[in-house]
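> One letter stands for each residue in the lines below.
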Amino acid sequence: MIPELGQFSLVLAAVMSVLLGVLPLWGTLRPNPTLQALARPLALLQFVLVALSFACLAYAFLNNDFSVKYVANHSNSLLPKPYQFAAVWGGHEGSLLLWMLMLTGWAAAVALFSQTLPLVMVARVLGVMGLITVGFMLFILFTSNPFDRLFPVPADGRDLNPLLQDPGLVIHPPMLYMGYVGMSVAFAFAIAALLSGRLDAAWARWSRPWTVIAWAFLTLGIGLGSWWAYYELGWGGWWFWDPVENASLMPWLVGTALIHSLMVTEKRGSFKAWTVLLAIAAFSLSLLGTFLVRSGVLTSVHAFATDPTRGVFILIFLAIVVGASLTLFAWRAPQVTLGGSMGVVSRESFMLLNSVLLVVATGAVLLGTLYPLVIDALNLGKLSVGPPYFNLVFAPLMVPLLFILVPGTIARWREAHVSEMFQELRWVGAASLLLAIGLPFVWGPWSIGTALGVFLGMWVALGSLHNMVNRLRKPGRIGGSFWGQHLAHFGLAVVVLGITGVKSYEVERDVRMGLGQTVTIEPYTFRLVDMVDVNGPNYKATQAHVEVVKNDKVIHVLYPEKRRYFSTAMPMTEAAIRSNFFGDLYVSLGDPIAGDTPSWSMRVYHKPFVPWLWVGVLLMVTGGMVAALDRRYRRRDISAQLKTVGEAMSNPV
Amino acid sequence: MKKFLIPLALFFGLVAFLAVGLKRDPREIPSPLVGKPAPAFSLPTLTGDQPFSPADYKGQVWLFNVWATWCVACREEHPLLVEFSKTQSVPIIGLSYKEVQAADQTNGPLSDDAKLSLARERSLRFLQRQGDPYKLSVMDLDGSVGIDYGVYGVPETYVIDREGIIRYKQVGPVTPEILETKLLPLIRQLEKS
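Here the protein sequences line up with chains A and B, keeping their order.
With the numbering used here applied, the first sequence has no gaps in its numbers, which climb one by one up to 653 at the end.
With the numbering used here applied, the second sequence has no gaps in its numbers, which climb one by one up to 1193 at the end.
Just so you know, these hints were derived from the structure itself, not from any lab.
Here a beta-carbon is modelled for each residue, glycine too, at the ideal position from N, C-alpha and C.
Nothing false has been slipped in among the hints.
Computed Cβ-Cβ distance ranges for the label pairs, DEER-style:
| hint | chain 1 | residue 1 | chain 2 | residue 2 | range |
| --- | --- | --- | --- | --- | --- |
| 1 | A | ILE171 | B | ASP1112 | 42 to 52 angstroms |
| 2 | B | LEU1010 | A | SER196 | 23 to 33 angstroms |
| 3 | B | LYS1058 | A | GLY516 | 47 to 57 angstroms |
Let's have the full structure, built from the sequences with the hints guiding it.
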């Protein structure tokens, strides 16, 4: 009964989304304020119905209702309760329902927190979001219904993929989807602006906080995915250039370009067409990511059960959404007026360079991700593109990007003076250079790559600190967007230092160990002291006790496990990780090796600076949130805002 | 106007490639072994009568199916194989691949004999319950024959002709569609020649 209720409320939600996609937009054409005013209640109703549907599916999971096919395939009565709940999005159908919940949730949030927007704009934005919802509703109802029943009813479920039975899974997909789907808000604002024909500073201002929040979620989602891969897969890697990772990185890169470009459009009225194009591209890449992950056109470690009809559906949907918006763009963009003039060296030119570098990087990732598919489509053979390609093309683009970041934050609008900027930044530059030369000597073998990484990281970190200190010395209230900006930049610097550190100084040992044997990675010695059996709720495990000895003292005991889940018999590696400020000690247990005395293969890693990656990501996320909550976005008085924009344009700050 | 159409044109180029890509299977990797003689081996069988070697089947077309009781996808194709063995004259030889896994040896590694008897016991029980499509199964406990055949996932199915040449390799479970459109026509053609 409950699953039918979920199904019914999903169908009702689909009806609401059709109404939302048609009536308010029709109302903007008539123009009819009554129809426009329907946008908010319809968006809220649609969200409530999807939430109810989601709750019904969660109920089916928590009550082990294996008559629902999706539950039978992704849960098990022995599965711990929190994972039974997380299993709701452990497969294709349920994760799509979660996606819908987020999409309608964003629309509901726009409906609630858009009091300062003119009604006609709200009607357009929500109408566009309604149309996107219609597409996904059709997709879920016709190709991926999570409420399909199964007969005969199995005694127990097939269990959730053991790889996904992990706290990381509980939060990683929701955060990532929040980011993906959040880009639909920026997209809806851009389309609404194109529809109105008024691509002005006000539009950029309205869409900025939403875009930044979506970007922050996307950042968090990617960070969590990386963290999960690091400790759950047991290989000690944190980024694999896997197609699915790339699918999330591309909207992030374009989204990053978008939040910077939006600033220029808001402050100076420039780059309008470009900003709109970035907003369309960011959401299109989110859709493309969905397509790549769920259609099975590329091989990936993220094995979703694939189905060609789903691929065809998403591709058609992608073609309609993106095709229509790019057509609208080609029609409206030529009418856009140019913004204020800009000098060769100015805040604007740095922002332009930022956009170009990020877009080129996105293109490089896109090319590498799709290249195997293109070659296959042209009948030129089968191949795969690996990390060497991505590292080779990606890193050289990030070097100039990180370098221009610092002057970009201090350059004046319209016309900046190189000599002034040099004057201001020379101590930051000198300090970064000294640290870049000095620190690698202290840490270990000196190399030019390490020095470059340290320089860029320090340059951005010290540059951000310099700006903050400078600003604190001046009077006046400091807005959230200032703190947010510098916090996020500082976080990026921490990530860069972390990547540099781990890439330069990680030590990996694959060894065979018997009881009592040791392996040494200076200054740590790892000793296997015991092997015990452990029983989990739905698995049995072998657990190794590994002592870490430093200066003849046992400083930690690590407990890596090899688990065997009852339902799948798939062996799973649970790495044991000990983190501190400077890095991780990482031990993962492999297979037993035949021989006279029992021994096991083990991977023992010293991963310096890995925690910096996670801390840096969290700083970036916090920065994004702080910036989005800036008070000026919540001011009701639009005309006053427009006036300040006008002033900003005439008097460069 | 024209320059604003560039993104649209680029996008439709991309969609065209994606559409073609949808029709391809990225997991379908041409095996370098297709057209080459099936690698020789001699392994104990499941029932323990006599060791089996591919040379024994020279002169007839046969299927070589890689399976294990722990492999979930194998259960998917199993009923189809059972059906096939009842209706078709072509024998299926099973390769029981790494039946004994690390998780079976949580109390330390098992001896080779213990592994073999555990693998036999479990496989026989499985075949009794699910039906036995195999003429016989050989026990590849350490996976060395799997390496010779380039096995990178279970299940896999090879079609081997009268001369002992590998003619086709199916990665992943055999579906009714693959059986109908690929395996059966190929088998018929090989049997005629």
